[in-house]
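Colleague: Protein sequence lines, in the order shown, are assigned to chains A and B. Under the working numbering, residues 735 to 878 are what the first sequence spells out, in order. Under the working numbering, residues 138 to 908 are what the second sequence spells out, in order.
These are calculated hints, taken from the structure and not from any lab test. Accuracy of the hints is not assured; some may be wrong.
From chain B, some residues computed to sit far from chain A (all C-beta separations above 10 Å) [unchecked claim]: (1) Ala-168; (2) Ala-263; (3) Ser-658.
Cβ-Cβ distance ranges computed for the label pairs, FRET-style [what the hints assert, rightly or not]: (4) B/Gly-727 / A/Glu-805: 21 to 27 Å; (5) B/Gly-636 / A/Asp-753: 30 to 36 Å; (6) B/Glu-567 / A/Ala-869: 27 to 33 Å; (7) A/Ala-869 / B/Ser-530: 42 to 48 Å; (8) B/Gly-191 / A/Asp-753: 53 to 59 Å; (9) A/Val-844 / B/Val-561: 44 to 50 Å; (10) A/Asp-753 / B/Thr-660: 54 to 60 Å; (11) B/Leu-354 / A/Pro-857: 21 to 27 Å.
All C-beta atoms in this analysis are idealised placements derived from N, C-alpha and C, irrespective of residue type, glycine included.
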Amino acid sequence: MGARQLCTFMLGDLYLGVDVCDVQEVLREQPMTGVPSAPDIVSGLINLRGEIVTAIDLRRRLGMGPRSQEEPAMNVVVHGEEGPVSLLVDEIGDVVDVEDTDYQPAPETVQGPAREVLAGTYPLPDRLLLLLDTAAACTPGRSL
Amino acid sequence: MSGADDLDEILSEFLVESHENLDQLDRDLVALEQEPDSRALLGSVFRTIHTIKGTSGFLGMPHLERLTHHGENLLSLLRDGELRLDPDITSALLQLVDTVRAVLADIEATGSEGDSDHDDLIAQLAALATKPGEASSAADISNDTEVVTPAEPVGETTTGAVEESVVVVDPAPQPVDDATPSDVPADPSGIYGDAEAGLVDRRRSVADSSIRVDVALLDSMMQMVGELVLTRNQIVQHSTYQEDLGLVRASQRLDLIVSELQGAVMRTRMQPIDNVFSKLPRVVRDLAQSCGKQVRARLEGRDTELDKTVLEAIKDPLTHLTRNAVDHGIETPEERAAAGKPEEAVLLLRAFHESGQVVIEISDDGRGIDVQKVARTARERGVISADRLATMSERDLLSLIFLPGLSTATAVTNVSGRGVGMDVVKTNIERIGGTVEVLTRIGVGTTIRVRIPLTLAIIPALLVSGRHGDRYAIPQANLVELVRLEPGSGPSPIELVNGAPVHRLRGRLLPLVSLEEVLGSGTAPDWSEYAGSALSGDAALNVVVLQADGHHFGLVVDEVHDTQEIVVKPLDRLIKTLGLYAGATIMGDGRVALILDAVGIAQAASVIGERREQNRTDDDIDASVASEDNMMLIFTAADGRRLAVPLAHVARLEEVDPARLERTGERHVLQYRDQLLPVLRVGDLVAGVKDRDDVEGELPVVVFADGDRRVGLAVDEIVDVVTDHVVPSKTSTKGLIGCGVIAGKVTDLLDVDLVLRHALTTLDGSEEEAA
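With the hints as extra help, turn the sequences into a complete structure.
Modeller: What follows is the structure, encoded as structure tokens:
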């Protein structure tokens with residue numbers, strides 16, 4: 735019987751989480767340098783204490799509309815295959831303990847980009863927590 | 138470099154290395170006492186002694202060689218398990234280490250190994266080796282020899298207990314003491330105490346003047362210096378707005394010191410190219426022998442220094458290029474004799490610094506590369522289509538040898554000719570930001586010129602920004618010059634060729650591309666607004682002239698800032714694969730700026746060029762008739778007729794004041810570069826073209842050259858230079874060789890021979906007039 739902790743965040747109506755072990759740090763909005771011609775999901779580059787980190791706009795990855803101007807994006811910096819990658823999200827939630835027994839695969843009916851980036855779900859008593867596949871989230875979608 | 142110096146260098150390298158090895162031996166031997174059966178440790182000890190033996194033999198030190206030989210014998214028995222390590226053997230071996238160290242100290246002090254032949258120790262070692270398993274007898278022998286270990290304790294140690302062995306190994310007691318609980322004391326001078334102090338002091342002179350440092354440590358130092366450079370940039374930038382003089386001065390000082398530190402740290406990573414070069418003569422010799430050729434390798438600029446990582450990256454490409462030159466480039470002695478060349482070929486390997494880069498040239502005086510053969514092979518192998526080939530210049534054709542799957546070697550040898558290699562060479566060199574260029578002349582030889590950056594981590598770069606204020610860094614290595622097109626009177630600095638903007642830079646056409654257009658971050662400016670008239674208002678254009686892939690092009694940017702040392706940081710795969718950016722860096726204000734990849738930008742720019750081209754021209758062209766050199770200069774005559782001449786015949790484009798045209802007899806001449814330049818008008822050549830006499834403004838003149846004879850052709854307007862296939866249809870009009878569709882429009886092809894004939898006749902005429 736295993737338990738894990740998920741770092742959760744909000745993206746529009748979605749309540750998403752990634753394993754805390756994958757998360758390096760969480761940052762407020764950072765100055766961003768745009769990358770012309772880069773894939774749509776790349777929001778830009780940020781300077782993370784001298785290291786250059788690519789910021790992925792999860793909204794674009796999930797095919798959602800843009801974030802409202804007033805709301806600053808939060809950076810969830812996760813360990814990627816080649817180094818840290820920052821995921822831009824709307825709002826940071828709590829760290830949630832989940833049990834492996836609660837795990838359920840993503841429903842078949844979920845389609846489109848969301849299907850590609852969801853690793854599964856944890857139905858919690860009050861809401862549905864979606865587990866994000868960070869590697870897939872950092873790869874341009876097939877549908878894009 | 139004299140032979141004596143060489144020897145000294147080898148000797149001091151040997152000394153440094155041996156001292157290190159001996160220190161290692163001390164540690165290994167002591168560790169070995171703890172676990173006498175460790176094969177790894179025994180192997181390591183054996184190898185170390187073996188190395189010293191080998192080198193001392195090589196350097197002609199018979200005593201040292203003999204001594205270590207016996208040590209080696211003993212160790213080989215231990216290693217093979219025929220003998221088990223006991224304290225006697227350990228002490229003997231430690232004694233050996235000490236003696237070797239003493240001999241080395243003598244060598245360092247006097248240059249020779251001294252007269253002592255160390256027979257006692259050798260006898261002891263031999264005795265130990267000949268009586269496997271009988272440690273007590275070995276101890277007897279050591280008693281007899283009276284050199285090393287005190288007799289009684291040795292006798293006691295047949296039990297082999299560690300505690301006792303501590304007592305036994307009397308000549309060097311500390312190491313065992315120190316090492317018993319853990320493993321290794323690192324400092325030999327601490328171990329050997331006062332008795333050895335003199336030796337230790339002496340050896341500091343060589344061994345301590347250089348140290349070996351883990352490359353990983355250097356890398357991390359380099360990285361930290363990179364951070365420091367960034368921080369320095371930030372502080373310097375902030376301090377320019379400060380009025381506190383003390384702070385400004387301190388930041389200037391910081392600026393200076395950081396630059397020096399950066400230079401020093403970079404120097405620690407620098408190694409002479411000789412590390413790679415010195416191996417090549419052997420490669421040349423072996424290969425030449427196996428091919429039955431006579432080749433002499435000459436090395437120049439061996440002390441040219443390069444960053445270690447760069448050096449490592451070019452090792453294989455250089456070896457490959459060298460082999461290639463010997464195998465393909467150089468002929469057999471018979472062929473050379475037949476061609477009137479000396480039978481012995483010369484392969485010159487040359488390295489030098491040039492404008493912040495290192496240039497390495499590999500030149501042979503062999504047969505050269507037959508460009509047409511390359512083209513033929515490329516077509517036969519299906520590497521490239523006949524259409525493409527027909528449009529390529531000689532230089533482009535030559536670069537085909539870098540395509541995968543192409544080898545012009547008639548026979549595949551075990552060395553080269555399989556058609557892999559040159560493409561790998563090019564890729565490897567380009568990966569580190571270098572370029573490869575081939576220069577060749579049939580029958581005379583081939584030179585391969587490789588340009589590589591000095592270092593990869595910190596590079597000087599020019600900072601520019603686009604219209605949206607986004608900043609980019611352009612590596613200085615790709616930068617040719619900066620041109621600012623100012624508003625003002627005079628002709629339009631930008632002309633449109635087939636919709637593509639060009640600028641005439643000192644008579645040569647420079648294709649322009651805007652930063653936004655090439656990066657896809659915005660639309661291109663409406664070039665037609667610029668073309669045809671002078672720039673107005675504050676519409677100055679900043680053009681950064683870049684070179685990449687052998688082409689020059691102008692990148693139009695919004696603003697040009699200063700040059701800075703920037704630290705190259707890697708990019709995520711998502712962005713790297715775009716090919717437009719070489720990396721990113723952090724600016725003084727802490728924000729990220731992308732580093733443009735000039736080669737990628739050039740490719741993107743030419744793609745844009747092709748796209749423009751496709752919009753306008755008809756690609757359905759029969760390439761088989763296309764001329765070899767298909768750059769055409771297009772101009773109009775006074776009646777608006779479009780005419781074209783091959784650009785190859787055009788020496789220069791000039792604009793002259795019509796008033797400077799003077800008449801001599803029936804001809805017009807122009808005083809041009811201290812010569813009289815006969816100037817023809819299109820009407821003089823082509824039937825049915827009427828020239829205007831009332832030219833307003835500057836008169837464009839196309840200057841043709843044939844040898845040192847020149848002739849000018851006054852035209853109405855120079856339209857463009859295009860690369861196009863021309864399929865001329867016959868025409869009977871005098872002065873034309875035909876007419877065809879160039880850049881989508883019907884254009885007459887002028888008979889250049891006729892023009893050049895005029896150059897002769899009229900020049901002769903005008904000379905008479907002048908006389």
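Colleague: Now tell me, hint by hint, if it's right for this structure.
Modeller: A quick look at each hint next to the structure:
The beta carbon of B/Ala-168 is kept farther than 10 Å from every beta carbon of chain A, the shortest such distance being approximately 38 Å. For B/Ala-263, the condition that its CB be more than 10 Å from all CB atoms of chain A holds, with the nearest at approximately 59 Å. Look at B/Ser-658: its CB is around 3 Å from the nearest CB on chain A, not clear of 10 Å, so calling it non-interface is violated. Remark: the range hint 21 to 27 Å for B/Gly-727 to A/Glu-805 is upheld by a beta-carbon distance near 23 Å.
Hint check: B/Gly-636 to A/Asp-753, Cβ distance near 54 Å, so the stated range 30 to 36 Å is violated. Our hint of 27 to 33 Å for B/Glu-567 and A/Ala-869 holds, since their Cβ atoms are close to 30 Å apart. Here the CB-CB span from A/Ala-869 to B/Ser-530 is close to 46 Å, well matched to the stated 42 to 48 Å. A hinted range of 53 to 59 Å holds for the C-beta pair B/Gly-191 and A/Asp-753, which are about 55 Å apart.
In this structure, A/Val-844 and B/Val-561 meet the distance hint of 44 to 50 Å, their C-beta atoms being roughly 46 Å apart. A/Asp-753 and B/Thr-660 have their C-beta atoms about 44 Å apart, which leaves the hinted 54 to 60 Å range violated. Against the hinted window of 21 to 27 Å, the Cβ-Cβ separation of B/Leu-354 and A/Pro-857 comes to about 51 Å, which falls outside the hint.
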